[in-house]
Amino acid sequence: MTKDYKYSFSLLIIFLILCFFMNISLGSVNIPLKDVFNSLIGNPTEQDTWQHIILNYRLPKSLTAIIVGSGLGISGLLMQTLFRNPLAGPFVLGISSGASLGVALIILGSGIFSSAFASLFISKWGVTIAASLGSFIVLLAVMMVSIKVRDTMAILIIGLMFASITSAIVSVLSYFGSAEQLQQYIFWGFGSLGNLSWEDLFILCLIYSLGIILSIASIKTLNTLLLGENYAKSLGLNIKQSRLLIIAATSLLAGTITAFAGPIAFIGLAVPHITRQIFNTSSHKILLPAVFLLGAIIMLICDTIAQLPNTDYTLPINAITSLVGAPVVIWLLVRKRKMMF
Amino acid sequence: MTKTTSYLSYIRTNNLKCIFLFLIIFNCKNKPKELPTEIVHGKTITLKYAKGFSVVDYNTYKIIDIKNPWPNTEKNYRYVLINKENAAKTSFLKNEYDGIITTPIEKVVVTSTTHIPALDLLNVENTLIGFPGIDYISSEKIRQRIDDGKVKELGKNEGLNTEILLELNPDVVVGFGIDGNNRSFEIIKKSGIPVIFNGDWVENSPLAKAEWIKFFGAIFNKEKEADSIFNKIEHNYLMAKKIAKNVKIQPTILSGAMHSDVWYLPNGTSTEAQLFKDANTHYLWKDTEGSGSLKLNFESVFVKAKDADIWLNPSNYSNLEILKNANNQHAMFKAFENKTVYSFTNTTGASGGVIYYELGMTRPDIVLKDLIKICHPELLQDYEPYFFKRLE
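The listed protein sequences correspond, in order, to chains A and B.
Going by UniProt numbering, the first sequence wraps up at 341, each residue one higher than the last.
Going by UniProt numbering, the second sequence wraps up at 392, each residue one higher than the last.
If you are wondering where the hints come from, they were derived from the structure by calculation, not from laboratory data.
Using N, Cα and C, we set each Cβ at its ideal position, and we do this for glycine too.
Check each hint, because a few of them may be wrong.
Said to hold, decoys possible - In silico contact screen, one side only, chain A against chain B (beta carbon under 8 Å); selected entries: (1) Ser25; (2) Val29; (3) Pro32; (4) Asn43; (5) Thr45; (6) Glu180; (7) Phe190; (8) Leu193; (9) Asn310.
Unchecked claim - In the EDC-like style, the derived pairs of lysine to aspartate or glutamate whose C-alpha atoms are separated by at most 16 Å in a straight line are: (10) A:Lys285 / A:Asp4; (11) B:Lys324 / A:Asp4; (12) B:Lys107 / B:Asp135; (13) B:Lys339 / B:Asp287; (14) B:Lys156 / A:Asp200; (15) B:Lys245 / B:Asp227; (16) B:Lys107 / B:Asp171; (17) B:Lys43 / B:Glu234; (18) B:Lys304 / A:Asp48; (19) B:Lys190 / B:Asp65; (20) B:Lys248 / B:Asp98; (21) B:Lys43 / B:Glu74; (22) B:Lys190 / B:Glu163; (23) B:Lys304 / A:Asp4; (24) B:Lys295 / A:Glu199; (25) B:Lys75 / B:Asp57; (26) B:Lys324 / A:Asp48; (27) B:Lys334 / A:Asp312; (28) B:Lys75 / B:Asp98; (29) B:Lys48 / B:Glu163; (30) B:Lys306 / A:Glu180; (31) B:Lys189 / B:Glu74; (32) B:Lys334 / B:Asp307; (33) B:Lys224 / B:Glu378.
To be verified - Simulated restraints on C-beta separations: (34) B:Thr269 / A:Thr311: 41 to 51 Å; (35) A:Ile41 / B:Asp135: 50 to 60 Å; (36) B:Ile178 / A:Trp198: 32 to 42 Å; (37) A:Tyr313 / B:Glu392: 42 to 52 Å; (38) A:Ala179 / B:Thr269: 40 to 50 Å; (39) B:Asp382 / A:Ala179: 40 to 50 Å; (40) B:Met239 / A:Ala179: 42 to 52 Å.
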């Protein structure tokens, strides 16, 4: 890491800490900064409700935002490098639509399938397990095809086709679903960061860490893959094994995040691009930690905006991520006049 | 001179008469026979609360006006109700009306469960031949007809199975619109089956919504029955309200629940809020105004309602565990800890339809009594809540 990058990284880390505190101290309820810090260090606050809001609502929400932003960003980066396509990301390759299918099957399909099937999934973990399974199955299917098909562009298109198939099945299920079921499914689709308890967060964190470890383990492979598959092969890289490792990391990260927080649009696709534009490098040694930091920062900012501080209202996080992120990418591309890839 | 003047004036008067006569004949030739509505004075059916419709009875026919059948619209609809005998003698300008309905109605299709109790109470349930989503219907009399195969399934309101409906060929379809863009209704109208819009749900008071039974009374020529049914409902409602008025302690009320990150709850001008008010409770958002429901952030709800005494209608969550699983924050409220959470979700009919959605609008008196019993248990000693149950 050159001195230059060290400087940028320290700046990003400071910015992340600032965003984290901004996210925790801003919300519908106006809590003085003194009380925010008091509740964080376990001291009593002026009002009991404030302590609960900080410790059990804002804090897990902020941590979720960091996990979601960094995890989706990294999974997007892995996909873009693996498929050597700037459009790849958890949404494009069917991970998110696979998760949607899993959730649709248990929410909307409970009326169609037997009641035993429905009751199996009525538990707290129903939606989470279904979403993870859904995304894993779709990604596995894409991976199976990728073994047969050598062209990465073809794989990308196949991923898109899988996404179309799953969304078609979701449409059919929606048609037969009751009003309440449809409502539940639509609300899941809005995405949510404030829905996780400390237990949920712990489990999410465990799987997320596993995904991050796998991603770090594939840094070398990713850098080699950038040179092209044939070149990578000539360097002695086991392409099949590498693909499997990268896809496993992606599905762990994106699948679990989608399962816990709903389909969060845009972050997975845009954060790697924003990072490349800022850092001007293609080395994953730099990109991976940078995407981690930028993903977390962007998600924290998006969540702070979605909370509409000092009002009683809140906006769906899914809409904010696109509204905030897309113009940033456009601005960066216009400024740099080319896509870094 | 005087003679000449009087002669001239005679001619002038006669000429005017001739012109008038000519005009009348001319008019008669060019227009179809129409009952002169301006001349025959109709009797307007009295409505105390409802603002969305009016019925004028002209003896041989009735005119029903529907105003603003969905929110944010100025659109009005006008229908003629005429019996078969008079219909043969009279013709109406089709373009001037949105539908000409011939009575007696022997076959009807309604599209919302809120229309079902009216058919039931007016004893015309045997006219129902089709419904979208028959599993939602809970009325025992109509369930029997469904079991006998006399009511056809028509799919969904927004995508009615037009073919089956056309084959059923009902005398009238009682529809409702959310925004006036229901293509199925257009096709049905074009095929000659009148579609009449029911806007009961747009009314903004519980009794106004209930008064729409008079709309069905007019359609089925059962005005008197509808009137006496409504009077009873109104009497019961006002009596219950009076009983609750004397209570001095108003329990604080929280309502709705979180979906995703948003807490949906009724605003202060909604019918739900009015019921809370008439039950003499302190609904914490009673001062809010606006259409639709409030969509609030968890934090603002928590600060205001953490210690609320009673939590009514926590969305469609059917027990405390499901409520907590949906969002952990739900368990942080005092009402959750004290298990004073009440919902109508668990009172269902034979095929799983929530009875409140079907009957609640027509019987606000029962809803109010339920709320009074929950919020002031010392009142209505022998009364057992009908719709609401405590969540376990």
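Now the hints, each set against the structure:
| no. | hint | verdict |
| --- | --- | --- |
| 1 | Ser25 | 12 Å, violated |
| 2 | Val29 | 4 Å, holds |
| 3 | Pro32 | 14 Å, violated |
| 4 | Asn43 | 20 Å, violated |
| 5 | Thr45 | 12 Å, violated |
| 6 | Glu180 | 5 Å, holds |
| 7 | Phe190 | 5 Å, holds |
| 8 | Leu193 | 7 Å, holds |
| 9 | Asn310 | 10 Å, violated |
| 10 | A:Lys285 / A:Asp4 | 14 Å, holds |
| 11 | B:Lys324 / A:Asp4 | 49 Å, violated |
| 12 | B:Lys107 / B:Asp135 | 20 Å, violated |
| 13 | B:Lys339 / B:Asp287 | 26 Å, violated |
| 14 | B:Lys156 / A:Asp200 | 37 Å, violated |
| 15 | B:Lys245 / B:Asp227 | 27 Å, violated |
| 16 | B:Lys107 / B:Asp171 | 5 Å, holds |
| 17 | B:Lys43 / B:Glu234 | 23 Å, violated |
| 18 | B:Lys304 / A:Asp48 | 12 Å, holds |
| 19 | B:Lys190 / B:Asp65 | 20 Å, violated |
| 20 | B:Lys248 / B:Asp98 | 51 Å, violated |
| 21 | B:Lys43 / B:Glu74 | 25 Å, violated |
| 22 | B:Lys190 / B:Glu163 | 13 Å, holds |
| 23 | B:Lys304 / A:Asp4 | 50 Å, violated |
| 24 | B:Lys295 / A:Glu199 | 27 Å, violated |
| 25 | B:Lys75 / B:Asp57 | 22 Å, violated |
| 26 | B:Lys324 / A:Asp48 | 21 Å, violated |
| 27 | B:Lys334 / A:Asp312 | 21 Å, violated |
| 28 | B:Lys75 / B:Asp98 | 12 Å, holds |
| 29 | B:Lys48 / B:Glu163 | 40 Å, violated |
| 30 | B:Lys306 / A:Glu180 | 27 Å, violated |
| 31 | B:Lys189 / B:Glu74 | 21 Å, violated |
| 32 | B:Lys334 / B:Asp307 | 5 Å, holds |
| 33 | B:Lys224 / B:Glu378 | 37 Å, violated |
| 34 | B:Thr269 / A:Thr311: 41 to 51 Å | 20 Å, violated |
| 35 | A:Ile41 / B:Asp135: 50 to 60 Å | 55 Å, holds |
| 36 | B:Ile178 / A:Trp198: 32 to 42 Å | 41 Å, holds |
| 37 | A:Tyr313 / B:Glu392: 42 to 52 Å | 33 Å, violated |
| 38 | A:Ala179 / B:Thr269: 40 to 50 Å | 24 Å, violated |
| 39 | B:Asp382 / A:Ala179: 40 to 50 Å | 35 Å, violated |
| 40 | B:Met239 / A:Ala179: 42 to 52 Å | 34 Å, violated |
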